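S.K.: Sequence:
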Amino acid sequence: QEIVLPILEDIGPRAIVVSAGFDAFKGDGLATMELSERFYHFAGASLSRFSLAVILEGGYGVGLRKGLPSFIEGYLEGKPELGKISPRYETIKVVEEVRSLV
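Heads up, the sequence shown is in my numbering, so the first residue is 8 and it goes up one at a time.
Watch out, some of these pointers could steer you wrong.
[What the hints assert, rightly or not] Taking CB as the label site, the calculated pair distances span:
hint, residue 1, residue 2, range
1, L12, R95, 30 to 38 Å
2, P76, S107, 29 to 37 Å
3, G34, I14, 15 to 23 Å
4, E64, P20, 30 to 38 Å
5, V69, R95, 16 to 24 Å
6, S43, E64, 18 to 26 Å
7, E41, E103, 28 to 36 Å
8, S107, G36, 24 to 32 Å
9, P94, R72, 36 to 44 Å
10, G36, K86, 28 to 36 Å
11, T39, R72, 27 to 35 Å
12, E80, L15, 29 to 37 Å
[Claimed, not checked] Pairs of lysine-lysine residues, derived as DSS-like cross-links and limited to a Cα-Cα distance of at most 25 Å, are as follows:
hint, residue 1, residue 2
13, K100, K33
14, K86, K73
15, K91, K73
16, K86, K33
17, K73, K33
Simulated from the structure, these hints should not be mistaken for laboratory data.
Predicted model only: the values in this text are computed from it and were never measured.
Ideal Cβ positions, reconstructed from N, Cα and C, are used throughout, including at glycine.
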């Protein structure tokens, strides 16, 4: 919302390739981000105005079972409403670090 979407709006791509790692889903066990169905729905909805090629790169357990359908539903609905969230400290630090680079 704060980093990727403004860049995409500036560039105006005709298509985007998404490297979808659903191993970041909470409880998947491979990543520490602990993302939720709500996040994946928001991510899909946020990209709904773009043509996508989505490549699955991980998360073949709970992330695939719950995150992928949420991403697709969000993309098809096209309503990026995240509401109030409480990101983990680690997530906030990553966003701040990336923001300082762009």
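S.K.: Next step is simple, just say for each hint if it's right about the structure.
M.R.: We went through each hint and held it up to the structure:
For the hinted restraint 30 to 38 Å between L12 and R95, the CB-CB distance of approximately 21 Å leaves it violated. With their beta carbons about 34 Å apart, P76 and S107 fall inside the hinted range of 29 to 37 Å. Here the CB-CB span from G34 to I14 is close to 30 Å, at odds with the stated 15 to 23 Å. Evaluation of the 30 to 38 Å hint for E64 and P20 yields a failure: the beta carbon distance comes to about 20 Å.
As the Cβ distance of V69 to R95 is approximately 18 Å, the hint placing it in 16 to 24 Å holds. A beta carbon spacing of about 19 Å between S43 and E64 agrees with the range 18 to 26 Å that was offered as a hint. Remark: the range hint 28 to 36 Å for E41 to E103 is contradicted by a beta-carbon distance near 18 Å. At roughly 30 Å, the beta-carbon separation of S107 and G36 lies within the given 24 to 32 Å, and the hint holds.
Checked against the hint of 36 to 44 Å, the C-beta distance between P94 and R72 comes to roughly 23 Å, which is inconsistent with it. Between G36 and K86 the Cβ separation comes to about 31 Å, which falls inside the hinted range of 28 to 36 Å. Between T39 and R72 the beta carbons are some 20 Å apart, a value that contradicts the proposed interval 27 to 35 Å. Remark: the range hint 29 to 37 Å for E80 to L15 is contradicted by a beta-carbon distance near 21 Å.
As the CA atoms of K100 and K33 are separated by approximately 18 Å, the hinted pair is consistent with the 25 Å bound. Distance check on the hinted pair: K86 and K73 sit about 19 Å apart at the alpha-carbon level, within 25 Å; holds. Distance hint between K91 and K73 is fulfilled; the C-alpha atoms sit about 21 Å from each other, no more than 25 Å. Distance restraint check for K86 and K33: the Cα-Cα separation of roughly 23 Å lies within the 25 Å cut-off, and the hinted pair is therefore satisfied.
Straight-line distance between C-alpha atoms of K73 and K33 comes to about 10 Å, which keeps the hinted pair within the 25 Å bound.
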